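Q: Turn these sequences into a full structure, and let the hints guide you.
One line per chain: the protein sequences are S and A, in this order.
If you're matching positions, the first sequence starts at 1 in the working numbering and goes up one per residue.
If you're matching positions, the second sequence starts at 1001 in the working numbering and goes up one per residue.
No wet-lab data here; the hints were simulated from the structure.
Just so it is clear, the structure is predicted and the values come from calculations on it, not from any experiment.
We put the beta carbon where it would ideally sit given N, CA and C, even for glycine.
Take the hints with a grain of salt, since some may be wrong.
Stated by the list, open to error - Derived coverage of chain S by chain A (criterion: at least 3 residues anywhere in the stretch with Cβ under 8 Å from a Cβ of chain A; other residues may be distant):
{"hint": "1", "region": "9 to 19"}
{"hint": "2", "region": "102 to 115"}
{"hint": "3", "region": "125 to 137"}
{"hint": "4", "region": "305 to 317"}
Here are the chains, one letter per residue:
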Amino acid sequence: MLTQEEKLRMFYSMYLIRRFEESAEELYMAGKIWGTFHLYIGEEAVAVGACSALHPDDYITSTHRGHGHCLAKGADVKRMMAELMGKRTGYCLGLGGSMHIADVEKGNLGATGIVGSGIPIAVGAALGCKMQKNGKVVLCFFGDGAMNTGAFHEAVNLAAVLKLPVIFLCENNFYAMSFSVKKAFGIQDIAERAAGYGMPGVIVDGMDVLAVYEGVSEAVRRARNNGGPTLIEAKTYRFKGHSKSDKNVYRTKEEIKMWMERCPIKRLENHLLQEGIEAKVLDALKEKAEQEIQEAVRFGMESEELTLEEARRLVYAD
Amino acid sequence: MPTKTVTYAEAIREALREEMRKDPGVFLIGEDIGLYGGAFGVTQGLLEEFGEERVIDTPISESAIAGAAIGAALVGMRPVAEIMFCDFLTLCADQIVNQGAKMRFMFGGKAKVPFVLRTPMGSGTGAAGHHSGSLESWFTHIPGLKVVAPATPRDAKGLLKSAIQDNNPVLFFEHKLLYRTKDAIPEEEYYLPLGKGEIKREGRDITIIAYSIMVMRSLEAAKILAQESIEVEVIDLRSLRPLDEELMLQSVKKTNRAVVVYEPPQFGAFGAEMVSLLMEKAFDDLDAPVLRLGGEEMPPPYNPNLERRLVPQVEDIVNIVKQVLQ
Chain S
1 MLTQEEKLRM FYSMYLIRRF EESAEELYMA GKIWGTFHLY IGEEAVAVGA CSALHPDDYI
61 TSTHRGHGHC LAKGADVKRM MAELMGKRTG YCLGLGGSMH IADVEKGNLG ATGIVGSGIP
121 IAVGAALGCK MQKNGKVVLC FFGDGAMNTG AFHEAVNLAA VLKLPVIFLC ENNFYAMSFS
181 VKKAFGIQDI AERAAGYGMP GVIVDGMDVL AVYEGVSEAV RRARNNGGPT LIEAKTYRFK
241 GHSKSDKNVY RTKEEIKMWM ERCPIKRLEN HLLQEGIEAK VLDALKEKAE QEIQEAVRFG
301 MESEELTLEE ARRLVYAD
Chain A
1001 MPTKTVTYAE AIREALREEM RKDPGVFLIG EDIGLYGGAF GVTQGLLEEF GEERVIDTPI
1061 SESAIAGAAI GAALVGMRPV AEIMFCDFLT LCADQIVNQG AKMRFMFGGK AKVPFVLRTP
1121 MGSGTGAAGH HSGSLESWFT HIPGLKVVAP ATPRDAKGLL KSAIQDNNPV LFFEHKLLYR
1181 TKDAIPEEEY YLPLGKGEIK REGRDITIIA YSIMVMRSLE AAKILAQESI EVEVIDLRSL
1241 RPLDEELMLQ SVKKTNRAVV VYEPPQFGAF GAEMVSLLME KAFDDLDAPV LRLGGEEMPP
1301 PYNPNLERRL VPQVEDIVNI VKQVLQ
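A: Dropping the structure here:
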C-alpha cells in the first residue's frame, strides 16, 4: 500500500513533468531552445508510476520522448533544462540535447533517438546486473512503434531465454508518429505478444498512476526474484503532437478531447482530495514545482556553452 | 625471452583466457561460441573453463548481441562479443554506430562503453557474397570506435588483450585465412598498445602500408622484389583507429615512395584515406605519386579463380611496386 506521502510525491513528480514540458514548449516558441523535442504531456502517469516502483539504484533506459522518464527517475530539473538549452551545465554538457539525456551514475542509462534501439541495451544492462549479482533491475521504456522493430524481437527473446531482471514497459500512445496501432499490429492488445516469448504480458491503464505502480511493482518483484522479464503495456496518450513539426492530421479533435478528459494529473488530484488531502496542500506542491521550473530556466539561460576543444576530448575515453 | 609457437586462432584464445582469468567482468557473448567453440574454433575450450555464465551462447540475434554488450559495458562489465562473420555487422550496425560509438560523447563524457566486438573478415574461403566481406573501412569512419586488424599471432594476442582493457568500443577484425598461420610469441604475458604500427620489414626504396593479411602478402612480395635488388619497407598499421601516422611519415621520409595495399574494394576504403594523408603531410618527401591497390569493385564471387582475383595477391603487389618505381 502506498502511503499518502508517497502519493503526494507522485503528484509532485507528475505535475513537475507537465510544467517542465509546458515551459520547454514556451521556450522553444520563444527561440530559447532549438532543434526539436517530443513532449510527454499526457503520459506522466506511466513514468512516475513505473519509476516509483524502482529502488533508487535500479536502472532505466529511455526514449526520444524521455523528459518524463528522466524527471521521474529523479533527474535534476536545472540540469535537464540546461541540456535542452545546449549548455555545459546540462546532463550531457549540451552534447546530447532532448533525445539523449543520461545520468548513468543515478541509474538513467540514457535515452535514444533510434526507435527500439534502447531495448537491446536494457537487456545488456540486465545481463550485467545478473552477472554482478547486485540485485538491481532494469526498467526499459519504449513506445508502440518500437515493438515492430527487429531490435525488440531479438532483445526481448534474449532476455526471456536468459531470464534477465528487466521489465519491458511499452508506452502505447496509439500512434507511432502518425501510424495508428490499428494499422501496425495484427492483434488487439500489444501485451499479447508476451506469450510468444514465454513471459507474462500485462495491460495497465497508463492514465492511472496507481495502476501503473501496481503493475510495474509486481513485474519488479518477479525480476528481482529471478523470475525473469515481464512485458507491460501501458495504454496512454500524448496530448501534443509527435514532435514540433506535427500538424496532428491523423487524430480527430474528438479523440484528443476524450483523452484529455482522462488527464492523469487531474485523476490523481481528485483521488487525493477524496482521500481527504486539503486542496491547499496540492496548491503548495504546484507552487513549489513552479518555482523549481523557473529556477531551472534561469539556471539554463545563465549557463555557458562548451567549446569545440572540450567537445573533441569527449569522443574517446582514456 | 622464451617463446612458443601458436596459431593466430590460439593466440586470440589465449588473450581471451588470460583476460577472463584476470577480470571477472570479462565475458564472451555470441552465436555458437560455447560447446561448438565458435564458427572458426577460436573459443574452443573456454566454455569448459568459464561455464555458461561467462561464455554465453545466444540465439541468432546480432542486434541483441551487440546491444547486450553495450548495455553490460555501461553497467561496468567488459564484454567481448563475437559476430560470426563481419558481413553480419550490417545486422547490428545501429547498435555499434548509433549507440556504442556515440554514447560517451552524447552523454557528455560520463558514460564508459568498454567492449570488444571480434569478427572474422576477408575472402579466400569460397564462401561467396555474404561471408567474405571486409567491412573494416566503414567503421574507421565512425568517431568513438577503435578498429584493430592484426596480421600475426603475436600481434593478435597482444592487441586483443589491450582492446579488452581499453575503455572504448573496439572492433577487432580477424582474417579467416590467418587463423591457422603460426608464429612465435612470448611465453610471458604481454600487451601491445592500440595505435602503434610496426615495421615488419625494413627497406630503403619504397614503403608498403598494409594491415591484416595484406601485410603477409606484402612481405612475400618484398622477398620477390629483393631478388631484383628492390628493398621494400613493409609497415603493418595493426590498428586503423587510432592510427600510427608518425610511423608512416618517417618511413616515407626515408623511402620517398609509397604504396597502400588493402582488401576492401578500392574506392572509398581506408587505404584511400592513407593516400590522402601522405599527400597532405608527406608531399615534400615524395618522389612519385602514392598509389593504392585495393580490391575489385564487385561483390565477392564464388568461383575460386574469380575470387582470387577479387583482392590483391602477391603478384599484384609486386607489379604495383614496380609501377611506382618506374
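Q: So which hints don't hold here, by number, going up?
A: 1
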